[in-house]
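First to last, the sequence lines map onto chains A and B. Per my numbering, the very first residue in the first sequence carries number 1; after that it's consecutive. Per my numbering, the very first residue in the second sequence carries number 1; after that it's consecutive.
Don't read these hints as lab results, they were simulated from the structure. Please note: incorrect hints may appear among the correct ones.
No copy labels: a pair is met if it fits in one copy or bridges any two.
Claimed, not checked - Lysine-lysine pairs mimicking BS3-like chemistry, simulated, CA-CA at most 30 angstroms apart:
| hint | residue 1 | residue 2 |
| --- | --- | --- |
| 1 | Lys7 | Lys28 |
| 2 | Lys21 | Lys368 |
| 3 | Lys82 | Lys11 |
| 4 | Lys126 | Lys7 |
| 5 | Lys7 | Lys233 |
| 6 | Lys360 | Lys121 |
| 7 | Lys368 | Lys11 |
| 8 | Lys228 | Lys7 |
| 9 | Lys299 | Lys16 |
| 10 | Lys340 | Lys381 |
| 11 | Lys121 | Lys21 |
| 12 | Lys364 | Lys16 |
| 13 | Lys165 | Lys21 |
| 14 | Lys51 | Lys368 |
| 15 | Lys28 | Lys320 |
| 16 | Lys165 | Lys126 |
| 17 | Lys368 | Lys234 |
| 18 | Lys233 | Lys82 |
All values reported here derive from a predicted model rather than from experimental measurement.
Protein chains: 2
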Amino acid sequence: MYNFEFKNPVKIIFGKDTISKVVTEIPKNAKILMTYGGGSIKQNGVYDQVKNALSEVELFEFGGIEANPHYETCMKAVEIVKSEKIDFLLSVGGGSVLDATKFIAAAALYTNGDPWDILAKNKPVKDALPIGAVLTLPATGSEMNGNSVITRVSTTEKMAFGSPKVMPQFSILDPQCVYTLPDKQIANGVVDAFVHVMEQYLTFPVNSPIQDRFAESILTTLIEEGPKVLANKKEYEAAANFMWSATVALNGLIGVGVPQDWVTHMIGHELTAFHGIDHARTLAIVLPGVMNIKRENKKDKILQYGERIWGINSGTDDEKIDAAIAKTVEFFESVGLPTKLPAYNVGEETIAKIVARFEKRPYKLGEKADIDFRQVEQILKDRL
Amino acid sequence: MYNFEFKNPVKIIFGKDTISKVVTEIPKNAKILMTYGGGSIKQNGVYDQVKNALSEVELFEFGGIEANPHYETCMKAVEIVKSEKIDFLLSVGGGSVLDATKFIAAAALYTNGDPWDILAKNKPVKDALPIGAVLTLPATGSEMNGNSVITRVSTTEKMAFGSPKVMPQFSILDPQCVYTLPDKQIANGVVDAFVHVMEQYLTFPVNSPIQDRFAESILTTLIEEGPKVLANKKEYEAAANFMWSATVALNGLIGVGVPQDWVTHMIGHELTAFHGIDHARTLAIVLPGVMNIKRENKKDKILQYGERIWGINSGTDDEKIDAAIAKTVEFFESVGLPTKLPAYNVGEETIAKIVARFEKRPYKLGEKADIDFRQVEQILKDRL
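Same shape as in the complex, but just chain A (with noise of 0.2 angstroms):
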């Protein structure tokens, strides 16, 4: 394995009953600023948890952060919390809420000119407010790390920073927020998070077995615990092996050491800023695609993956990979997000659009950064 470093200091509080812990967690006399999404934690009873657990406790809030959290929205945040002096910021929902919140602490103190510099030119967060978080909706791992992706609705343009001083103080998660979600999120959380561990372990071996054995654990958990939280959103156990799935799936532990893909986030991220597809329905259509145009950089752990989570050990090594892609399909099929871009109604000129973007950009993705625009022009179009 390579060199590494790693420093995850997030405290989890995990389990049933345990949101009203979120006031022994918070600093003491802080002026505190609740973030929230679009209204569910009003229908769901969290936000009456939270309330009556911080009745003590000076409290301001700020809601109707949206999926695919906005810039703009962000920095309406901002201004309440130069104004009101805010010193703590209290994410209540999922994943995108508290990536919102990441960025609005990353922002609220942010001295080096336009804030908007951390998402497109990666300027260092060198200072941040303190966050904590009351985790709604297990997906993104966004509770146990240091990663935000922030959409800019004036240029469409979706974009990601990362940095240990967003990393929340405590993260609470309390698996029964599980029992009123849709099923929609509940199969975007699912696949969310069976990205996640694909993006850092379907790459090239580098004797890593500790680190593709925890990786391979997440995702047959996940293909074991998905379809039973689908198929009874209240059976607290699967919930509860869920939402922690998809906390490790992206704290950082099993990509230590090991390449890290990511370019079907890549991709998918163009998806979204383009036609508001949801996150997790864009990597279910992009990774296939990622799969077959890149089966001989990914030779070895496709092979290596299809033999240890799907039990394919037999045929050439190319019907192994061709197995291993479309169990991959089912799978995410199976739990109701369909992987053509004809089923969300996007054609060849939006691929046109995507990889004219990626034709801009100096860098190229993948483990290997050997994918230009003409290859993502192939796995999109794998995807027709």
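Given the coordinates of chain A, work out where chain B should sit on it, guided by the hints.
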């Protein structure tokens, strides 16, 4: 799975030629006390690497920390910490040096009476000096947790304590340190890490597939990589995989939300206290006895372990359990650790002394807290 909390802020710096990074990790202008053991770091070059990296730093030294580190030795270091106004401890060595350093860190700032009470009376550690570690021996996992085990020579007592306050700020793991280890220490390290996993895994099922599979990942990797390291200790990749396995075996992650046992350690500590048997060797002796005597309590997990780790899937349950125990014994013996008491010249007399000790203690042991001194006797007699 059970509710849980998890926080592990230790920064891991892992890989080839990483020891010189120590200079960027220690606090500026700190007075450092470097702690180490019997001098092997002077033979393998680690001492020189650390000294060279810290040539500009005010560095004091405290060597001579023994395996199963002594309370009496630690208290000598505490005197130096106080007289020299040390404000950072740098452990350079294996788990024993690090465990000692943790106790020194806590004892130096303990103001509530005799520091022995931290061990003997479970007194809380409210503050401790910050610690950094350069790890030279994969085994105990102490580099990424807040646990420590200390022996008091005057009373032949071996006691443990744990506190987040004594988690290292950073731990540097260069697998090249394995190149010069004696075979015996490598074999001990493999078995130590293996049994750490088993203490957290071989209990009863609580529907925790991620934790179970992560645990199985580590066991399988130790079984594969351990013999490779013993066959050629200069094979970097095997050394690295062994080293990372030992760390993740006891950094808390596989133990979240699941019952834990630790009776093998509790009994093993007594064998070390009375006879000075290497810690890992005591575990190799005791674990098969625990598996045999607690075969009903642990039935489901022993069967799962047998099938997933050793491919045991035919016979009656009792036959499968016998086979799983036999495979475990065979593995320990194959790396050179005898698993029966007579091989260490220990007989009935010692068993009687150990049983008498447990008889005086007010608590029962094991994941179901149902192991009393009588069962301790059965377990030890099983190993005659």
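When Cα atoms must be at most 30 angstroms apart, do Lys82 and Lys11 count as within-copy, between-copy, both, or neither?
Result: close within a single copy only, 27 angstroms intra versus 33 angstroms inter.
If the cutoff is 30 angstroms on CA atoms, where do Lys360 and Lys121 land: within, between, both or neither? Let me know, please.
Within one copy only: 15 angstroms inside a chain, 66 angstroms across chains, cut-off 30 angstroms.
Homomeric proximity label, Lys126 with Lys7: Cα distance no greater than 30 angstroms
For Lys126 and Lys7, the Cα distance is within 30 angstroms both inside one copy (17 angstroms) and across copies (23 angstroms).
One pair to classify: Lys51 and Lys368, alpha carbons no more than 30 angstroms apart. Within, between, both, or neither?
neither (48 angstroms within a copy, 38 angstroms between copies)
Copy assignment of Lys165 with Lys126, given that the CA separation must stay at most 30 angstroms:
Both: 7 angstroms inside a copy, 26 angstroms across copies.
Can you give me the call for Lys228 and Lys7, within, between, both or neither, at a CA distance of at most 30 angstroms?
between (33 angstroms within a copy, 29 angstroms between copies)
Within, between, both or neither: how does the pair Lys28, Lys320 come out at a Cα-Cα threshold of 30 angstroms?
neither (57 angstroms within a copy, 55 angstroms between copies)
Should Lys7 paired with Lys28 be assigned to within, between, both, or neither, using CA atoms and 30 angstroms as the limit?
both (26 angstroms within a copy, 20 angstroms between copies)
Indicate which option fits the pair Lys364, Lys16 if close means a Cα-Cα distance not exceeding 30 angstroms: within, between, both or neither.
between (44 angstroms within a copy, 28 angstroms between copies)
Intra/inter-copy verdict for Lys165 and Lys21 if alpha-carbon distance must be at most 30 angstroms
Both: 23 angstroms inside a chain and 22 angstroms across chains, each within 30 angstroms.
Checking Lys340 and Lys381: alpha-carbon separation at most 30 angstroms within a copy, between copies, both or neither?
Only inside one copy: Lys340 and Lys381 sit 10 angstroms apart there, 65 angstroms across copies, limit 30 angstroms.
First find the shortest C-alpha distance between Lys121 and Lys21 inside one copy, then the shortest across copies, and answer within, between, both or neither for a cut-off of 30 angstroms.
Between copies, since 29 angstroms is at most 30 angstroms while 38 angstroms is not.
When each numbered hint is compared with the structure, violations occur for hints 14, 15, 18.
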